[in-house]
Amino acid sequence: MSGEQSRKLIVLAAIWLALVFAPYWMAPLGGYTALATRVLVLGLAAMSVNFLLGFTGVLSFGHAAYFGLGAYGTGLALKFLTTSTPLSLVLGMLLGGIAGGLLGALIVRRRGVYFAMVTIAFGQVFYYIAFQWSSLTGGDDGLRGFSRQPLNFGFFQIDILSNTNYFYYFVLFCFALAVGAMGIILRSPFGHAMIAIRENERRARFLGIPVERHIWIAFTLSCFFIGFAGALYALVNNFADPKGLHYSQSGDFVMMAVMGGMRTFWGPLLGAAVFVVLQDYLSSVTINWMSFVGLLFVLVVLFFPRGLLGFIRRKSAA
Amino acid sequence: MTVLEVKNATKRFGSLVAVRDVSLSVSKGELRAVIGPNGAGKTTFFNLISGFFPPSSGTIEFEGHDITQLAAHKRVALGIARTFQITEIFPELTVYENVRIGAEVAGGYCLRPWINAAEKAGIDARVQEILKLAGLEAKTHRLVGELAHGDQRAAEIAMALTLRPRLLLLDEPTAGMGDQETYEITKLIRRLHQDSKLTIVLIEHDMRVVFHLADRITVLDQGSVLAEGTPQEIAGNEAVQAAYLGKAA
Numbered sequence: 001m002s003g004e005q006s007r008k009l010i011v012l013a014a015i016w017l018a019l020v021f022a023p024y025w026m027a028p029l030g031g032y033t034a035l036a037t038r039v040l041v042l043g044l045a046a047m048s049v050n051f052l053l054g055f056t057g058v059l060s061f062g063h064a065a066y067f068g069l070g071a072y073g074t075g076l077a078l079k080f081l082t083t084s085t086p087l088s089l090v091l092g093m094l095l096g097g098i099a100g101g102l103l104g105a106l107i108v109r110r111r112g113v114y115f116a117m118v119t120i121a122f123g124q125v126f127y128y129i130a131f132q133w134s135s136l137t138g139g140d141d142g143l144r145g146f147s148r149q150p151l152n153f154g155f156f157q158i159d160i161l162s163n164t165n166y167f168y169y170f171v172l173f174c175f176a177l178a179v180g181a182m183g184i185i186l187r188s189p190f191g192h193a194m195i196a197i198r199e200n201e202r203r204a205r206f207l208g209i210p211v212e213r214h215i216w217i218a219f220t221l222s223c224f225f226i227g228f229a230g231a232l233y234a235l236v237n238n239f240a241d242p243k244g245l246h247y248s249q250s251g252d253f254v255m256m257a258v259m260g261g262m263r264t265f266w267g268p269l270l271g272a273a274v275f276v277v278l279q280d281y282l283s284s285v286t287i288n289w290m291s292f293v294g295l296l297f298v299l300v301v302l303f304f305p306r307g308l309l310g311f312i313r314r315k316s317a318a
Numbered sequence: 001m002t003v004l005e006v007k008n009a010t011k012r013f014g015s016l017v018a019v020r021d022v023s024l025s026v027s028k029g030e031l032r033a034v035i036g037p038n039g040a041g042k043t044t045f046f047n048l049i050s051g052f053f054p055p056s057s058g059t060i061e062f063e064g065h066d067i068t069q070l071a072a073h074k075r076v077a078l079g080i081a082r083t084f085q086i087t088e089i090f091p092e093l094t095v096y097e098n099v100r101i102g103a104e105v106a107g108g109y110c111l112r113p114w115i116n117a118a119e120k121a122g123i124d125a126r127v128q129e130i131l132k133l134a135g136l137e138a139k140t141h142r143l144v145g146e147l148a149h150g151d152q153r154a155a156e157i158a159m160a161l162t163l164r165p166r167l168l169l170l171d172e173p174t175a176g177m178g179d180q181e182t183y184e185i186t187k188l189i190r191r192l193h194q195d196s197k198l199t200i201v202l203i204e205h206d207m208r209v210v211f212h213l214a215d216r217i218t219v220l221d222q223g224s225v226l227a228e229g230t231p232q233e234i235a236g237n238e239a240v241q242a243a244y245l246g247k248a249a
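Chains as they are written, first to last, in my numbering: chain R, 1 to 318; chain E, 1 to 249.
You may find that some hints are simply not true.
To be verified - No farther apart than 30 Å at their CA atoms in a straight line, the calculated lysine-lysine pairs in the DSS-like style are these:
id : chain 1 : residue 1 : chain 2 : residue 2
1  : R       : LYS315    : E       : LYS139
2  : E       : LYS120    : E       : LYS7
3  : E       : LYS187    : E       : LYS132
4  : E       : LYS139    : E       : LYS197
5  : E       : LYS197    : E       : LYS187
6  : E       : LYS74     : E       : LYS120
7  : E       : LYS132    : E       : LYS74
8  : R       : LYS8      : E       : LYS139
9  : R       : LYS8      : E       : LYS120
Hints were generated in silico from the structure; no laboratory data involved.
Build the full structure now, drawing on both the sequences and the hints.
Here it is, written out as structure tokens:
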């Protein structure tokens, strides 16, 4: 037991060290800080999807909707309401999370394919709203005309707008808050009950767990998390794109989670890293980059059904 | 005192009547066996009591409360726990984790995103106590899915016990077991009945187990009650022998 626990601690320390020093080790390897920032934000989104998929056993194919709502919420807040970057993030997260909570209440009785289909349908509703409501959202061109603002602590400011390293650390701080909250929830009685539902819904119900309410809460929490990721994404780009709401974006998140390993906590972050780095590299070589990412995905699913991290973990345990 | 009172319960699935006008009364501390040939409606009857689905007609009372239409998880909160004919466990979790989930639900923590050290210690003590009772201490950290069938059944009963039930429903607890495993489970059920004074209703095919354990026996046949009485009365009942025991012997 203690051997396994110390191994876990070492892995955890390695992950955080790699993240904290990413701006310094990525550059010599041909990367750049903004790429690391994207990995964090999309990784958080994939981990949010996996909070539901990997730990409650519920597949949503429409989580991009709440990601996109977070992005638009933050963009609109910065454009019209506030110059405070943290406040705009909170508003974006609230928009994504509350919308998720309301729609989630309507669909938690559905299961499997039906659940996935309804989540797609609701997601597309938001996509078309963003697409059509040009006066507010900028329509097809996306929402422009806002930018992240320096963090103002009264007596000093941190310029996260022009200094990409500062911005990376701001995003890492937000990422750590969200991931820490996820970790605490998954280790709590609430998280244990989520895993119970994933493992055996009937047994969970006859142990006295109110399954529908539990799935609804897990769905809503995951929408808050992905709304927060979307809010950060708006800051990354200083732009909110209707494509961020589209179900193909939801598919990308699911792909990252599955590729990285959906039964692992950190797998989706690894999946997002592989996805984002490949996209960055391949899209400069060919416009058909997605077919290569897709090929990799197929290979992973065929040969490492537990995902990349699941595979690594099994290897190191053996 | 009556713990479970079922009055004229009927369950129809389309034109099939799986349970027909069944009445049954179980008093506190009693161990009741429900027996009958395959297809007699025993499991459907259990599903009515545990809230898997409501009856088409009739009423079900638990300790004086009408629970006829109550959701399954609320019946658990009142004190009704059950196991299934085909073992229902959390296969990819350890024995400890399986039992802990029940203990946390019973403690009222299952919606809580945090737990403090004292509560955690309380849960841990409860889990250890139950594991000891079910004879699973040596397998605490094994994955339940990897255990032998008999141990999985014991783990399922252990999970039900964490809920501190006042009525325990066991659906064929010895199904698919060898002699040794049957003996162990029978011993466990006997302990629960005699030492913990638990009210138990069990469905069982193994007549040695039934006659060894039961205070009273209810015989179902084609959805209806054919007979009810003490093991001696049932053993001497000619209608039962014709419908059921005769075939078995």
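Structure-based check of each hint:
The hinted pair formed by R/LYS315 and E/LYS139 meets the criterion: a straight-line CA distance of about 25 Å does not exceed 30 Å. A hinted pair counts as satisfied when its Cα atoms are at most 30 Å apart, and E/LYS120 with E/LYS7 does not qualify at roughly 42 Å. About 14 Å separates the Cα atoms of E/LYS187 and E/LYS132, which keeps this hinted pair within 30 Å; it holds. Our distance criterion of 30 Å between C-alpha atoms is met by E/LYS139 and E/LYS197, whose separation comes to about 26 Å.
For a cut-off of 30 Å, the pair hint linking E/LYS197 to E/LYS187 stands: about 14 Å separates their Cα positions. A distance of roughly 24 Å separates the Cα atoms of E/LYS74 and E/LYS120; the hinted pair therefore holds under the 30 Å criterion. At most 30 Å may separate the alpha-carbon atoms for a hinted pair to count; E/LYS132 and E/LYS74 meet this at roughly 28 Å. About 23 Å separates the Cα atoms of R/LYS8 and E/LYS139, which keeps this hinted pair within 30 Å; it holds.
Simply put, R/LYS8 and E/LYS120 have alpha-carbon atoms about 21 Å apart, close enough for the 30 Å limit, and the pair holds.
Checked against the numbered hints listed earlier, the structure breaks hint 2 alone; every other hint is satisfied.
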